[in-house]
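Asks: Just need the whole structure built from these sequences, with the hints factored in.
All residue numbers for the sequence shown refer to this note's numbering, where the first residue is 8 and numbers rise by one.
Bear in mind the hints are in silico, worked out from the structure with no lab data behind them. Check each hint, because a few of them may be wrong.
DMTMM-like cross-link-like pairs, simulated, lysine to aspartate or glutamate; straight-line CA separation at most 20 Å [claimed, not checked]: (1) Lys-171 with Glu-271; (2) Lys-29 with Glu-79; (3) Lys-258 with Glu-271; (4) Lys-49 with Glu-33; (5) Lys-42 with Asp-59; (6) Lys-191 with Glu-159; (7) Lys-104 with Glu-79; (8) Lys-104 with Asp-192; (9) Lys-258 with Asp-240.
Derived Cβ-Cβ restraints for the label pairs, each shown as a range [claimed, not checked]: (10) Arg-35 with Gly-201: 17 to 27 Å; (11) His-232 with Pro-55: 19 to 29 Å; (12) Gly-81 with Arg-234: 19 to 29 Å; (13) Phe-246 with Ala-128: 12 to 22 Å; (14) Lys-29 with Ala-166: 53 to 63 Å; (15) Val-39 with Ala-130: 35 to 45 Å.
Every residue gets a Cβ at the ideal spot worked out from N, C-alpha and C, and that includes glycine.
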Amino acid sequence: MCRVLSVSRSGYYHWRNRPESKRAIENRRLDVHIKAIFNRHKRRCGSPKITDELNDMGFPVSKNRVARRMKEMGLRSIYRRKYRTTTDSKHSYPVAKNLLQRDFTADGPDKTWVSDITYIATARGWLYLTVFIDLFSRMVVGWALSSSLSTEMVLTALARGIRKRRPGPGLIIHSDRGVQYACKDFRKVLNKHGFVQSMSRKGNCWDNAVAESFFGIIKSELIHHERFKGPQDTLRAIFEYIEIYYNRKRKHSTLGYKTPAQFEQTMKSAVCF
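Replies: So this is what it looks like as structure tokens:
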């Protein structure tokens, strides 16, 4: 081999036996942690979130360096597909005014919740998932899964959110113009609690971008990579994703790379002091 490479035997052995560089040692150590974080999140996070988690662990490193290490190791996060809406806005029920006007911020918890519905394919037919998300922390405060695209499913998710958070009167509930949100039964519950209804403009998905974004995330990180048999295994997977992973472990760039739970706790502590 030395003859082929036109190098001396002594030069080759000197190169082979040279001590590993400090940078190489650091990279080897860094790679272990990157892989561990990547696998723990089930391929759901890219270099920015991994970088933030490494910094939290006491490993000061740049996003570009993490991206280079991930590329060298062939680690690619799950690709997010475009989301399509499913609700039917062709009905004769009253339509509420759009109070948000694409302002998806809130100055405190339980000031504004957004909601939407999406579909999930299983071997036994379609299932439907509805969620209510707090704009303050992006926390999923209530959700429900059903085999029918019904108002009852939406009311169940809302009731769970109310039991969990106990919001006061004045809470804004924003959604699209789907019949599940416009019907008398849904409006009756909102009136009972003193909540204020808000709706997107007709056929404008950007008016409910936070809810749309959540469904894009859960589809790209979970639903598109599973073959659900039926309601039970789907329910278990959705529960694990929302309650254990999304609300408590998944960091959001809009929250300064904190999880919804961390963000709410940080804000609560800041108020106390």
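Asks: So, for every hint listed, does it hold in this structure?
Replies: Do the hints match the structure? See the list:
1. With a C-alpha separation of about 14 Å, the suggested pairing of Lys-171 with Glu-271 holds against the 20 Å cut-off.
2. At most 20 Å may separate the alpha-carbon atoms for a hinted pair to count; Lys-29 and Glu-79 meet this at roughly 18 Å.
3. At most 20 Å may separate the alpha-carbon atoms for a hinted pair to count; Lys-258 and Glu-271 meet this at roughly 13 Å.
4. Note on Lys-49 and Glu-33: the hinted pairing is violated, with a Cα-Cα distance of about 24 Å set against a maximum of 20 Å.
5. This hinted pair checks out: Lys-42 and Asp-59 have alpha carbons roughly 14 Å apart, not beyond 20 Å.
6. Restraint check for Lys-191 and Glu-159: the C-alpha separation of about 12 Å stays at or below 20 Å, so the hint holds.
7. Pair hint Lys-104 plus Glu-79 does not hold up; C-alpha atoms about 51 Å apart against a cutoff of 20 Å.
8. Of the pairs offered as hints, the one joining Lys-104 and Asp-192 holds, with about 18 Å between alpha carbons and a cut-off of 20 Å not exceeded.
9. Between Lys-258 and Asp-240 the alpha-carbon distance is near 25 Å, which puts this suggested pair outside the 20 Å criterion.
10. Between Arg-35 and Gly-201 the Cβ separation comes to about 59 Å, which falls outside the hinted range of 17 to 27 Å.
11. His-232 and Pro-55 have their C-beta atoms about 21 Å apart, which keeps the hinted 19 to 29 Å range intact.
12. Between Gly-81 and Arg-234, the C-beta spacing of about 25 Å keeps the proposed range 19 to 29 Å intact.
13. In this structure the hint that Phe-246 and Ala-128 lie 12 to 22 Å apart at CB holds, the actual value being about 18 Å.
14. One distance hint, 53 to 63 Å for the beta-carbon pair Lys-29 and Ala-166, holds here, with the actual separation near 58 Å.
15. Checked against the hint of 35 to 45 Å, the C-beta distance between Val-39 and Ala-130 comes to roughly 38 Å, which is consistent with it.
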